[in-house]
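> Here's the letter readout for the chains.
2 protein chains.
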Amino acid sequence: MADSQPLLSLDGDPVAAEALLQDVFGIVVDEVIRKGTSASEKVCEWKEPEELKQLLDLELRHEGESQEQILEHCRAVIRYSVKTCHPRFFNQLFSGLDPHALAGRIVTESLNTSQYTYEIAPVFVLMEEEVLKKLRALVGWSSGDGVFCPGGSISNMYAVNLARYQRYPDCKQRGLRALPPLALFTSKECHYSIKKGAAFLGLGTDSVRVVKADERGKMIPEDLERQISLAKAEGAVPFLVSATSGTTVLGAFDPLEAIADVCQHHGLWLHVDAAWGGSVLLSQTHRHLLAGIQRADSVAWNPHKLLSTGLQCSALLLRDTSNLLKRCHGSQASYLFQQDKFYDVALDTGDKVVQCGRRVDCLKLWLMWKAQGEQGLQRRVDQAFALARYLVEELKKREGFELVMEPEFVNVCFWFVPSLRGKKGSPDYSERLSKVAPILKERMVRKGSMMIGYQPHGTRSNFFRMVVANPALTRADVDFLLNELERLGQDL
Amino acid sequence: MADSQPLLSLDGDPVAAEALLQDVFGIVVDEVIRKGTSASEKVCEWKEPEELKQLLDLELRHEGESQEQILEHCRAVIRYSVKTCHPRFFNQLFSGLDPHALAGRIVTESLNTSQYTYEIAPVFVLMEEEVLKKLRALVGWSSGDGVFCPGGSISNMYAVNLARYQRYPDCKQRGLRALPPLALFTSKECHYSIKKGAAFLGLGTDSVRVVKADERGKMIPEDLERQISLAKAEGAVPFLVSATSGTTVLGAFDPLEAIADVCQHHGLWLHVDAAWGGSVLLSQTHRHLLAGIQRADSVAWNPHKLLSTGLQCSALLLRDTSNLLKRCHGSQASYLFQQDKFYDVALDTGDKVVQCGRRVDCLKLWLMWKAQGEQGLQRRVDQAFALARYLVEELKKREGFELVMEPEFVNVCFWFVPSLRGKKGSPDYSERLSKVAPILKERMVRKGSMMIGYQPHGTRSNFFRMVVANPALTRADVDFLLNELERLGQDL
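Going down the list, the protein sequences come from chains A and B. Residues in the first sequence are numbered from 1 upward in steps of one, following our numbering. Residues in the second sequence are numbered from 1 upward in steps of one, following our numbering.
Check each hint, because a few of them may be wrong.
Same chains, same names: a pair is fine if it fits in one copy or spans any two.
Below, computed lysine-lysine pairings styled on DSSO-like, alpha-carbon distance capped at 27 Å [stated by the list, open to error]: (1) 53 x 134; (2) 134 x 212; (3) 370 x 133; (4) 397 x 424; (5) 42 x 341; (6) 133 x 42; (7) 423 x 53; (8) 133 x 435; (9) 188 x 47; (10) 424 x 341; (11) 188 x 232; (12) 435 x 232; (13) 42 x 212; (14) 188 x 326; (15) 35 x 326; (16) 35 x 53; (17) 212 x 232; (18) 232 x 424; (19) 341 x 188; (20) 47 x 134; (21) 53 x 133; (22) 341 x 53; (23) 424 x 370; (24) 232 x 42; (25) 53 x 370.
Everything labelled a hint here was simulated from the structure, so no lab data went into it.
Based on the provided sequences and hints, a complete structural model is requested.
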């Protein structure tokens, strides 16, 4: 029975709660902030799944465990996790540890609220709008709308859903069967979420018309024209083009001005998936790569990638000023969005989204921006470009490395071809080359010295994709990458 | 130019990073863990939006700010945020602060990884599976599948998408236009995400057939039968029923056995939206409310609500053992899910979902479960029921309070009718009553003494919905609620 005691002692006991949290925070400082970011420590402590299960003692039991055991679990979780903050973690489009962003995340977690109403998230409703306004200004818009989504894939889905709703508002109520067959267009280098999204939204993957890309991975506007004509000839109604600013593998930027011309001519919604490349807008030197983005109808931009805000921080930005988001997604739940509140209910932004509870994703970016200023973030982007350039020049100096292409962004794609040098003509060259990267990957992970991704791409055999995103990266880390590949591959 | 210095000094300087994080953590301990959970402090410090904007200094500028200013921003963000951990925050279906769950969230944030591959999330891939297995066992399944989603709305969407894909696998490629018109069924008390989801998934809100509920808010199985016949007669193909275990306002549990019979008879997918009520499965005393849930095909369950794990922790559980999730959502991106990896690539679970990057949501629940044990969580659920019962009995003792109905869960819905006592027959009673709750809500928020939600419901005028979810709640807090309403409403 509930009596005057709280339901559970520790929960009602801020002193005990504080002691636990102090201990856990101490472990985080020692094991993540200090050791996790130290080049002299391992990036990962590889264990086979079966062994790892034993080490972690994952089982959830009837009885609770002691505080000491809980702390030991925290240590084990950290010990066997990959340190994405490590200066030799080059594996994904995110890495590094921005302390201000992490501070923002810790405050966010401690406050644990949902972004839907001003009533329970007054600070974050206002802050989200301020952050979105700033991002829109960098796109080139003085007005508009937007929202933070749980990742770029869902941001892209929002764009597709908004575009079809704008053209066919009936869709919301009557569904796709009431509409003609729709077609959307994106290049073969687009992120896989475009097709996933088309399936999820009921359009089907067939509705995605794949436009050719050139050798550097950029959409070919002439082929876009061709595909639009073809779709029309087949009785489909084109409604959206999704261009990419910063493709996942090659880091290519689609030519937005030319694509915007095509969209304007055909009356199509232009979405720009700038999840990866959007942060380049901060750089005066490099923002020309996104020239024309201000002509888009929607932009997806993930500061959790190049700006290291931490997962997830994914903005969907809209040029629209007609409350399209709310009209498209709103359902006016009377228990949450009461109209007889004592404040302006336009501040209850929760009906703009398809989620109900929605995490606060703005504080980590806001706090980091406050600390760095736009100039600090700009410098970070510029230096990432500079460091990628350094890597390219160093690669060229060494035998055994071969660039896939001159990069225009901070993805540096290259082969490492230890013993295959000069054997390009041999019949099994491609097959043998494709085995080098997986072997080296296994060796670096088992050793824990670094992590870098690889993939095949079209007709190209497996190559490495180095991503320069960690703000703490130095030339020494880049040199290490090359030296370490040579060490790991000396017998290959 | 990048030289041997890191891109930004603080980022490459773990000592400075640590100092900042220590300071911010200290603020979190003082302002959230201590003061935020203290009944003698305010739940919220209400400010009008324009004033709050000034107080927060939200603007993002070109120049960065000093460490001192950053810490002051953290203090202000906390000061003006609602304390959802406060023992008098009764406003939502989540509240309270579980220190172990918060510890898990801080570790999660520090490690900042994505749940998609074993390569970069070895601990969390294994842990998520263990946690999902435990939740499935409580549903009554010894096998199955599942995934954590960004909230219950998206979990519900997954269920709908999986159900239509299972029946019409063509849908993924060819879209809804290749399918007959579909119909899904849910009660009028369902969460609004069912309709939002139907619109987002391209089915349209018309595809949602609304089944009647009884006076207590439970779906009427006979009406479900009727609606299915009606839909068929109109040429639609029924494919899914979404039952609710714990409705949002009344806390009602649909009769799952009877609904499962109907689904079995018609060959329909049974989804149970147990986002709110799922945690009752932990209680031997109360789990009968969900009797029949083991017959479902899918279950949505949000431990971030009644179990206070923190936003977001939303499990979609599946009975399926045929890899339906991956077949329905998979797209085999070759840059992420390489098939030539050196470990079992079945561990790369990222292709089960429609997101790409996906936050780690399992650790907070796992760590809390380790600390409490199943028995601790069970006790928490049982005591929430007991405290809700205490509130009901106290309500009945006081004049001026009127229960909307006897609750079967921890939502206690009631009117507070200060001067309207005995005037039920008067013509403007309902209109006058509807104004009481908004006035009291404004008064409590401006005073900062507590927060409780209200809403109209069908023909019922605005009433309060008290949610007993905070594990730190005591009888004293319940008494305070009633006393405070009397104080705030003495002139009404």
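> Take the hints in turn and mark each one as holding or not.
Going through the hints against the structure:
With identical chains, the CA atoms of residue 53 and residue 134 are at most 27 Å apart between copies only, with a shortest distance of 15 Å across copies and 45 Å within one. Taking the closest pair of Cα atoms, residue 134 and residue 212 never come within 27 Å of each other, the shortest separation being 34 Å inside a single copy and 47 Å across copies. In the homo-oligomer, the alpha carbons of residue 370 and residue 133 lie at most 27 Å apart inside one protomer (15 Å), although the nearest pairing across protomers, at 43 Å, exceeds that limit. When the C-alpha separation of residue 397 and residue 424 is checked against a cutoff of 27 Å, the pair qualifies only within one copy, where the shortest distance is 19 Å, while the shortest distance between copies is 89 Å.
Taking identical chains as interchangeable, the C-alpha atoms of residue 42 and residue 341 lie at most 27 Å apart only when they sit on different chains, with a minimum of 20 Å there against 54 Å within one chain. For a Cα distance limit of 27 Å, the shortest separation of residue 133 from residue 42 qualifies neither inside one copy, at 40 Å, nor across copies, at 31 Å. In the homo-oligomer, the alpha carbons of residue 423 and residue 53 never lie at most 27 Å apart, since the shortest distance is 44 Å inside one protomer and 65 Å across protomers. In this homomeric assembly, residue 133 and residue 435 never come within 27 Å of each other (Cα to Cα): the closest approach is 47 Å inside a single copy and 36 Å across copies.
In the homo-oligomer, the alpha carbons of residue 188 and residue 47 never lie at most 27 Å apart, since the shortest distance is 36 Å inside one protomer and 50 Å across protomers. With identical chains, the CA atoms of residue 424 and residue 341 are at most 27 Å apart between copies only, with a shortest distance of 25 Å across copies and 72 Å within one. In the homo-oligomer, the alpha carbons of residue 188 and residue 232 lie at most 27 Å apart inside one protomer (20 Å), although the nearest pairing across protomers, at 41 Å, exceeds that limit. For the identical chains of this complex, residue 435 and residue 232 are neighbours neither inside a copy (43 Å) nor across copies (56 Å), given an alpha-carbon limit of 27 Å.
In the homo-oligomer, the alpha carbons of residue 42 and residue 212 never lie at most 27 Å apart, since the shortest distance is 41 Å inside one protomer and 60 Å across protomers. Taking the shortest Cα distances, residue 188 and residue 326 sit within 27 Å of each other only across copies (22 Å), while inside one copy they are farther apart (32 Å). Within a single copy, residue 35 and residue 326 get their C-alpha atoms no closer than 46 Å, and across copies no closer than 36 Å, so neither meets the 27 Å cut-off. In this assembly of identical chains, residue 35 and residue 53 lie within 27 Å of each other by CA distance solely inside one copy; the values are 23 Å within and 39 Å between copies.
With identical chains, the CA atoms of residue 212 and residue 232 are at most 27 Å apart within one copy only, with a shortest distance of 18 Å there and 44 Å across copies. For the identical chains of this complex, residue 232 and residue 424 are neighbours neither inside a copy (44 Å) nor across copies (64 Å), given an alpha-carbon limit of 27 Å. Within a single copy, residue 341 and residue 188 get their C-alpha atoms only as close as 49 Å, which misses the 27 Å cut-off; across copies the closest is 24 Å, which meets it. In this homomeric assembly, residue 47 and residue 134 come within 27 Å of each other (Cα to Cα) only across copies, at 23 Å, whereas the closest approach inside a single copy is 44 Å.
Proximity of residue 53 to residue 133 under the C-alpha cut-off of 27 Å is restricted to the inter-copy arrangement: shortest distance 14 Å between copies versus 46 Å within a copy. With identical chains, the CA atoms of residue 341 and residue 53 are at most 27 Å apart between copies only, with a shortest distance of 20 Å across copies and 51 Å within one. Taking CA atoms no more than 27 Å apart as the test, residue 424 paired with residue 370 passes in neither setting, with 52 Å inside one copy and 56 Å between copies. With identical chains, the CA atoms of residue 232 and residue 42 are never at most 27 Å apart, being 55 Å at best within one copy and 62 Å at best between copies.
Taking the shortest alpha-carbon separations for residue 53 and residue 370, only the inter-copy value of 15 Å comes in at or below 27 Å, while the best intra-copy value is 42 Å.
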